[in-house]
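Number of protein chains: 2
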Amino acid sequence: MLGRLNHVAIAVPDLAKAAALYRDTLGARVSAPQALPEHGVTVVFVELGNTKVEFLEPLGEGSPIAAFLARNPDGGMHHICYEVDDIVAARDRLKAGGARVLGDGEPKTGAHGKPVLFLHPKDFTGTLVELEQV
Amino acid sequence: MLGRLNHVAIAVPDLAKAAALYRDTLGARVSAPQALPEHGVTVVFVELGNTKVEFLEPLGEGSPIAAFLARNPDGGMHHICYEVDDIVAARDRLKAGGARVLGDGEPKTGAHGKPVLFLHPKDFTGTLVELEQV
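Going down the list, the protein sequences come from chains E and G. With the working numbering applied, the first sequence covers 1 to 134. With the working numbering applied, the second sequence covers 1 to 134.
No wet-lab data here; the hints were simulated from the structure. Each residue gets a CB set at the ideal place from its N, CA and C atoms; glycine is no exception. Warning: the hint list may mix true and false statements.
Stated by the list, open to error - Listed next, the stretches of chain G that the computed footprint assigns to chain E, with coverage defined by at least 3 CB atoms under 8 Å from CB atoms of chain E:
1) 24 to 32
2) 54 to 67
3) 76 to 87
4) 90 to 104
5) 111 to 117
Unchecked claim - Facing chain G, a subset of chain E residues (Cβ under 10 Å, in silico):
6) D14
7) A16
8) Y22
9) E38
10) L59
11) E61
12) G75
13) F118
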């Protein structure tokens, strides 16, 4: 069921600083910032050859990462995203196993324009897990 | 300089439970547990096609992940490991940029038998970063 690791998301207080660190100091390929007001974040992607790191900075009021950054003012790893072929089948299998799906349990359109779901960290080794249908 | 994402490490209080979750519920390929007494952890790898998740459980007294699990009793993402071609050149470039290398700054032999270094989370977006020479 579980496919590739699509990305690791790191929430940061200063996206420009994180992008400069990865581009200039670590020598990585870093995308231009992309504002996603409907998700309450601005994102930058670091291309690592086999997968991506996604930096997230809060955008606007009530950003979903504001509370995380209040607890982790330097930033930190926020979630991990796995690819699945069929997100509804994956959800139903996980729910049958007792796992909790966040929100209303229906897939939403994620930052990459594809259906995504988030799973409860308490059911996944203390880690917020995103599933993305590819 | 920065190569592939080698693995994302997740510290867990119960390795068998994490392995069963990923193998049975998520349908992933999970390795047998491997005790690494010299690193104070037992590890299990989840093969994701393009990269790996490494689960870490404390082993013995004074495990380097004991404090992390005391703060995160359900577990959580512990570090991210990037591949580099030349770890000494990478270290010197990072130090010249003001980044702090943990320990005595010399590469150690990591869990995969290759030279590794850890970088200070305060200098890397609140995230513990491991570099592994491949």
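>> Does the closest beta carbon of chain G sit nearer than 10 Å to the beta carbon of E/D14?
In response: holds, 9 Å
> If you look at each residue in the region 90 to 104 of chain G, do at least three have a Cβ nearer than 8 Å to any Cβ of chain E?
Replying inline: holds (count 4)
> Per the coverage rule (Cβ-Cβ under 8 Å, at least three residues), is the region 76 to 87 of chain G covered by chain E?
Replying inline: Check passed, 4 qualifying residues.
> How does the coverage statement for the region 111 to 117 of chain G fare against chain E, requiring three or more residues with Cβ below 8 Å from a Cβ of that chain?
Replying inline: Violated, because only 0 residues of the region 111 to 117 of chain G bring their Cβ atoms closer than 8 Å to Cβ atoms of chain E.
> Against chain G, with CB atoms and a cut of 10 Å, does the hint on E/G75 hold up?
Replying inline: Constraint on E/G75 satisfied, holds at 4 Å.
> Is the shortest C-beta separation between E/L59 and chain G less than 10 Å?
Replying inline: Since the shortest Cβ distance to chain G is 17 Å, the answer is violated.
> For the hint on E/E61, does the least C-beta distance to chain G fall short of 10 Å?
Replying inline: violated, 23 Å
> Given E/F118 as an interface hint, is the shortest Cβ-Cβ distance to chain G below 10 Å?
Replying inline: Nearest chain G Cβ about 15 Å off; hint violated.
>> Please check whether the region 24 to 32 of chain G has three or more residues whose CB lies within less than 8 Å of a CB on chain E.
In response: Held - the region 24 to 32 of chain G has 5 residues with a Cβ nearer than 8 Å to chain E, which meets the minimum of three.
>> Next item in the hint list is E/A16. Is there a CB on chain G closer than 10 Å to its CB?
In response: violated, 12 Å
>> How does the region 54 to 67 of chain G fare against chain E when you require at least three residues with a CB closer than 8 Å, holds or violated?
In response: Result for this restraint: violated, n = 1.
>> Can you verify the interface hint for E/Y22: is its Cβ closer than 10 Å to any Cβ in chain G?
In response: For E/Y22, the interface hint holds, since the closest Cβ of chain G sits about 7 Å away, which is under 10 Å.
The structure fails hints 2, 5, 7, 9, 10, 11, 13 (numbered hints given earlier, in ascending order).
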